[in-house]
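*Asks:* Sequence:
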Amino acid sequence: CFMANNTVRSTIYLDSELHQALRVKAAVAHISISEIVNESIRESLREDEADLKAFELRAAEEPMPYETFLAKLKADGTI
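Numbered by our numbering, the letters in the sequence shown go through residues 1 to 79 in order.
Note that these hints are calculated values from the structure, not bench results. All values derive from a computational prediction rather than experimental measurement. Any given hint could be a false lead.
Stated by the list, open to error - Quick list of in silico lysine to aspartate or glutamate cross-link-like pairs, EDC-like style, CA-CA up to 20 Å:
1) 72 <-> 62
2) 25 <-> 48
3) 25 <-> 35
4) 53 <-> 35
5) 53 <-> 67
6) 25 <-> 43
7) 25 <-> 15
As the list claims (entries may be wrong) - Restraint ranges, calculated between C-beta atoms of paired labels, are given here:
8) 5 <-> 69: 46 to 52 Å
9) 69 <-> 18: 35 to 41 Å
10) 54 <-> 18: 44 to 50 Å
11) 29 <-> 63: 23 to 29 Å
12) 73 <-> 18: 33 to 39 Å
13) 47 <-> 77: 24 to 30 Å
14) 45 <-> 68: 32 to 38 Å
15) 62 <-> 28: 41 to 47 Å
16) 77 <-> 51: 23 to 29 Å
17) 8 <-> 50: 40 to 46 Å
18) 64 <-> 11: 45 to 51 Å
19) 61 <-> 5: 42 to 48 Å
20) 51 <-> 74: 23 to 29 Å
C-beta: ideal position from N, C-alpha, C; glycine also.
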């Protein structure tokens, strides 16, 4: 089993349909529901971390009017 010695037991409440989907996925993948939930939370936090890093990197940029930004996107072919 994946569980490390530094785990903490926690009670969460899931929608019954979500719980059933987790049970099926865990059975098919031969892993525990806890492993699925832990990995899902880790992935969500990684996305948040990436967003925060991007924000920090761009925090010093000068603001750009919407019209200028839109024109730039059109000029470089993004839209």
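*Asks:* Now, for every hint given, state plainly whether the structure supports it.
*Replies:* The hints, checked one at a time:
1. About 15 Å separates the Cα atoms of residue 72 and residue 62, which keeps this hinted pair within 20 Å; it holds.
2. Simply put, residue 25 and residue 48 have alpha-carbon atoms about 25 Å apart, too far for the 20 Å limit, and the pair is violated.
3. About 11 Å separates the Cα atoms of residue 25 and residue 35, which keeps this hinted pair within 20 Å; it holds.
4. Restraint check for residue 53 and residue 35: not satisfied, since their Cα atoms lie roughly 27 Å apart, outside the 20 Å limit.
5. With a C-alpha separation of about 26 Å, the suggested pair residue 53 and residue 67 falls outside the 20 Å cut-off, and the hint is violated.
6. The hinted pair formed by residue 25 and residue 43 meets the criterion: a straight-line CA distance of about 17 Å does not exceed 20 Å.
7. Among the hinted pairs, residue 25 with residue 15 is consistent with the structure: their alpha-carbon atoms are about 15 Å apart, no more than 20 Å.
8. In this structure the hint that residue 5 and residue 69 lie 46 to 52 Å apart at CB holds, the actual value being about 50 Å.
9. Roughly 39 Å separates the CB atoms of residue 69 and residue 18, a value that falls within the hinted 35 to 41 Å.
10. For residue 54 and residue 18, the hinted distance range of 44 to 50 Å is not satisfied, since their beta carbons lie about 30 Å from each other.
11. The hinted range of 23 to 29 Å is not satisfied by residue 29 and residue 63, whose Cβ atoms lie roughly 47 Å apart.
12. For residue 73 and residue 18, the Cβ-Cβ distance of about 38 Å falls inside the hinted range of 33 to 39 Å, so the restraint holds.
13. Residue 47 and residue 77 have their C-beta atoms about 27 Å apart, which keeps the hinted 24 to 30 Å range intact.
14. At about 34 Å, the CB distance of residue 45 to residue 68 agrees with the hint of 32 to 38 Å.
15. For the pair residue 62 and residue 28, the beta carbons lie near 51 Å from each other, so the given range of 41 to 47 Å is not met.
16. At about 25 Å, the CB distance of residue 77 to residue 51 agrees with the hint of 23 to 29 Å.
17. A hinted range of 40 to 46 Å for the beta carbons of residue 8 and residue 50 is inconsistent with their spacing of about 25 Å.
18. Against the hinted window of 45 to 51 Å, the Cβ-Cβ separation of residue 64 and residue 11 comes to about 47 Å, which satisfies the hint.
19. For residue 61 and residue 5, the hinted distance range of 42 to 48 Å is satisfied, since their beta carbons lie about 45 Å from each other.
20. Between residue 51 and residue 74 the beta carbons are some 25 Å apart, a value that agrees with the proposed interval 23 to 29 Å.
Hints 2, 4, 5, 10, 11, 15, 17 from the earlier list are contradicted by this structure; the remaining hints agree with it.
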